[in-house]
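*Asks:* Below are the chains, spelled out letter by letter.
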Amino acid sequence: MTTDAQAPTKVYYEDVQVGDEIPKLVKAPVTHLQLVRYAGASGDFNPLHTDSRIGELIGTGGIIAHGMLIMGFVGQLLSDYVGPAALRKFGVRFRGMTHLEDVITCTGTITEKYETDGRGYIAGKVQAADQNGDVKASGTFVAALPHRS
Amino acid sequence: MFDKSVIGKSFPPFSFEVERGKIRELALAIGDDNPIYSSKEEAQAAGYDDVPLYPTSPTTFTFWGNRKMIGQLVSAGINVMRILHGEEEYEYLAPIHPGDILTGVTTIVDGKTRQGQSGSMDIITTEVQYANQQGIAVLKARQVIIVRE
Chain A
1043 MTTDAQAPTK VYYEDVQVGD EIPKLVKAPV THLQLVRYAG ASGDFNPLHT
1093 DSRIGELIGT GGIIAHGMLI MGFVGQLLSD YVGPAALRKF GVRFRGMTHL
1143 EDVITCTGTI TEKYETDGRG YIAGKVQAAD QNGDVKASGT FVAALPHRS
Chain B
1040 MFDKSVIGKS FPPFSFEVER GKIRELALAI GDDNPIYSSK EEAQAAGYDD
1090 VPLYPTSPTT FTFWGNRKMI GQLVSAGINV MRILHGEEEY EYLAPIHPGD
1140 ILTGVTTIVD GKTRQGQSGS MDIITTEVQY ANQQGIAVLK ARQVIIVRE
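Heads up: the sequence lines are chains A and B, in that order. Under the numbering used here, the first residue of the first sequence carries the number 1043, and numbering increases by one thereafter. Under the numbering used here, the first residue of the second sequence carries the number 1040, and numbering increases by one thereafter.
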């Protein structure tokens, strides 16, 4: 029902196995400029992401990144892996604050494979963690994949 | 203290156009240089019919598409200065293309107050259902926000 006829296939259902790891994505260090750009792009102008004085006032220890920027990093991981049009569900829970200069690495594992009405689906878990291994966001996704004919 | 009487409350619908340029801007802010997000021509060269939605593009729908969002949260008694983002989840129900006119309806689906070591916090779940110009349900976005007292 949600087939997008005009979307290229990046990976076929038959080529994915439960336990497979998604090729990891290491992002460049988070910069203040990136948060300013992200504020404009997303429309989230909460000053705690761009103004260091706010962070000092409310005790977050300087500027913290938008949680949705970190989810965006994980989105890039999935976009690179299955392509954006294959996604059917994608959700994360935010587990920690990301600060300037943090280097975020996104990883994922396939946890499930199933077929419904002749269509193949994969499900997996994903996460984003910093250079110390502290998890910033973790979640799950479902993608619809075509069969090799 | 969260007022449980607002559970089930829906806000008036908001409408907006899905913009190609906003998809590109979001991808660039995230640091994703995949050319499929940069222009219709690049997207078509890669096999798409147009620029695909970024996995986290729905966040721009809530901030840019629903300009009344902050006021709606305030009207439900939520202190927007003390919000932390807890969870974000999307269900992509049908393809969304640049130029589509989407209409979203936000509903407060759950809310509770928890006592923690550093005081009480409200945990509030909102859901936005989006339909396109043909009335087809295209996206469900679920968000959990945490309001610290």
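Think of the hints as simulated: they come from the structure by calculation, not from any bench. Wrong hints could be hidden among the right ones.
[Unchecked claim] Restricting the straight-line Cα-Cα distance to at most 30 Å, the calculated cross-link-like pairs of lysine-lysine (DSSO-like) are:
1) A:Lys1167 with B:Lys1151
2) B:Lys1043 with B:Lys1151
3) B:Lys1151 with A:Lys1131
4) A:Lys1167 with A:Lys1155
5) A:Lys1131 with B:Lys1079
*Asks:* Look at each hint and say if it fits the structure.
*Replies:* Quick rundown of the hints versus the structure:
1. A:Lys1167 with B:Lys1151: OK: Lys1167 of chain A and Lys1151 of chain B at ~27 Å, within 30 Å.
2. B:Lys1043 with B:Lys1151: Given that 30 Å is the threshold and the Cα spacing comes to 7 Å, the pair holds.
3. B:Lys1151 with A:Lys1131: OK: Lys1151 of chain B and Lys1131 of chain A at ~25 Å, within 30 Å.
4. A:Lys1167 with A:Lys1155: 13 Å, holds
5. A:Lys1131 with B:Lys1079: Roughly 25 Å separates the two Cα atoms, so the pair holds.
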